[in-house]
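Visitor: Given the coordinates of chain A, assemble chain B onto it according to the supplied hints.
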Amino acid sequence: MTVLIDSYSETNRNTAGIISAIHPSGSTWSAIGQALTITKDYILHSMKFYMQKLGSPTGGLKVRIYATSGTVGTSALPSGSALCESETFDSSTLTGSYVLYTINFVGINRILLKKDTSYAFSLEGYSATLSAGNYPQIGADSSSSTHSGNWFEYTTGAWAARATWDLCFYLYGFNIDRIFTDILGMFSRKYNMSADVTLQSLVLGSQNATTGWHALTYTTTSTIEMPIYPKGTNFSIFPMGVYTRYDYTGYTLSSVSLYDKVTDAASRTYRVLSITDWWQGDKFAYNVVELEKLTEFDD
Amino acid sequence: MVATDARYRTKVFLDTYITDANLTDDAAGALTNTVMYAYPPYPKELIFSDNYSGFSVVFFVDKPTSKARYSSAKSIYAYEESIPVHVHAVDKTGVTAELLLWKAETELRTILQTYPDVTNLRILPTVKDHTVREGSTVFYGFTLTFSYVRNITT
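Protein chains in written order, with this note's numbering: chain A, 1 to 299; chain B, 300 to 453.
Don't read these hints as lab results, they were simulated from the structure. Don't take every hint at face value.
In silico DSSO-like pairs for lysine-lysine, Cα to Cα no more than 30 Å straight-line [to be verified]:
#1 B/Lys391 to B/Lys366
#2 B/Lys402 to B/Lys391
#3 A/Lys62 to A/Lys48
#4 B/Lys402 to B/Lys427
#5 B/Lys362 to A/Lys293
#6 B/Lys343 to A/Lys293
The model shown is predicted, which means the values in this text are computed figures rather than measured ones.
Okay, chain B solo, but in the shape it has when bound:
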């Protein structure tokens, strides 16, 4: 994937800066998390199942929508990318999904504050609930949409 791919860059950003130790269970015990593109070609349930990967919280990076910014000379000088990140957790023994999601949202806020992009502008305009039910499993979650203004030279 090329370096200009906003989706990939967002995944790398999250992979790099999310601190695993901040995403813990109800008793502050260690949990595992992962960042991946949204809509993997297999049921989401397997990602959380202890019979498979057993992750407790997953950051799904969705496809961005892009909008060009034009200069007064009517040439494109930057793109504004909106990249939804769906964060999901399930209730497990010792893990209350809603509590874990708040830790995840706090972690995202923290890394945006701690690691502002000095070259481009990465901001956090919206956070919306994104709880879904698939079969008998409830995937609690929220969608955080990064707005990411990237100069064409970077």
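The following block holds chain A by itself, in its conformation from the complex:
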């Protein structure tokens, strides 16, 4: 599932940039874009631009993404060669009034947009025919613009920034912190796994006067996310077992401890026999939990 990474609403549009030549052009506008800073790690998916056409352009457009130089918000510009590029958008499909159009990134062009890193998202003329009388107009705001990034353009053979302009755009991606959870969610649905279980945390009570053994008492703490693979599951990229999501990136933190009990939606109760941390990279992990199904003779 894609999420909105950043945007600047088309309702702010009061002006437009144009692309009237194949990029790079030494004489006219061939690219426009927005430089901005990414606040979390994402996998790039797509962008939307607010566009209309003047005349009858037939040329292709591409979004290319660059590293930046300068200060984002005032003077940031594309730097170096493009990190990736989008699929080609056919400008002949534009209409005479402003509409939001989606341009997708596919395959290896779905790059990782890194947290706290600045990128320049540049919409560029890619193929014929774009000309002085036939070009797309891309919605922008030049009046009290409020986006934290800044507009840039390629006009007469060089990049130039406009601190007081912002592009109207939508940037979408996959939240990388959620990818494994999303995949797990897919398996949950496919195999009808029990995803939400009731956690009962073990508390060792007072000691029996004869045996010295502690009374086992349980406090029902919460409903946690712990998919349980049912009998008959024959394929998963995850090892058979039980998972509870454990991350420190601001999402739900569910944890279980040794000998806790969990009860699934079908009222089956299990006891936690062992817990193993299973890390994915350095940001998030699952606890693989070994369970035993309790019988009528168990506590």
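Guide: Frame of chain A; chain B shown alone:
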């Protein structure tokens, strides 16, 4: 539990005479201990975990083996009970299990010397290492087997 239960009597004996102040950490600081029957119905790890009971040394009283003693008239006059006591400790911050176990063994020797059973005969014939690993946790320990001769009238 009836008073003649050798296991229970051993637990009471240990509960009564073990002096907590003699079982200390590496810096002679106070620790907690407990006596219980062996094989509780939950992981031993929880007994030592500071998230649960947090005991530092635990005396697990195991099930006794019994042997009858017969008189010349071929009647039973006493039972000889062997009662293993598994003593375990784990390494914690400021607690070296092996050091603590020696204090525990010394304490057991002391109470047997100090409180000899005047009615029956409680002796200490064997002490053996009993360090076990469960998962990633090492439970350092030894097994001390009380031999306990109890007259049928007591």
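Visitor: Each of the hints needs a verdict: does it hold here or not?
Guide: Going down the list of hints, with the structure as the test:
1. B/Lys391 to B/Lys366: violated, 40 Å
2. B/Lys402 to B/Lys391: holds, 16 Å
3. A/Lys62 to A/Lys48: Roughly 12 Å separates the two Cα atoms, so the pair holds.
4. B/Lys402 to B/Lys427: holds, 15 Å
5. B/Lys362 to A/Lys293: holds, 29 Å
6. B/Lys343 to A/Lys293: It holds: about 20 Å lies between the C-alpha atoms, which stays within 30 Å.
This entry does not satisfy hint 1, going by the numbered hints stated previously; all others are met.
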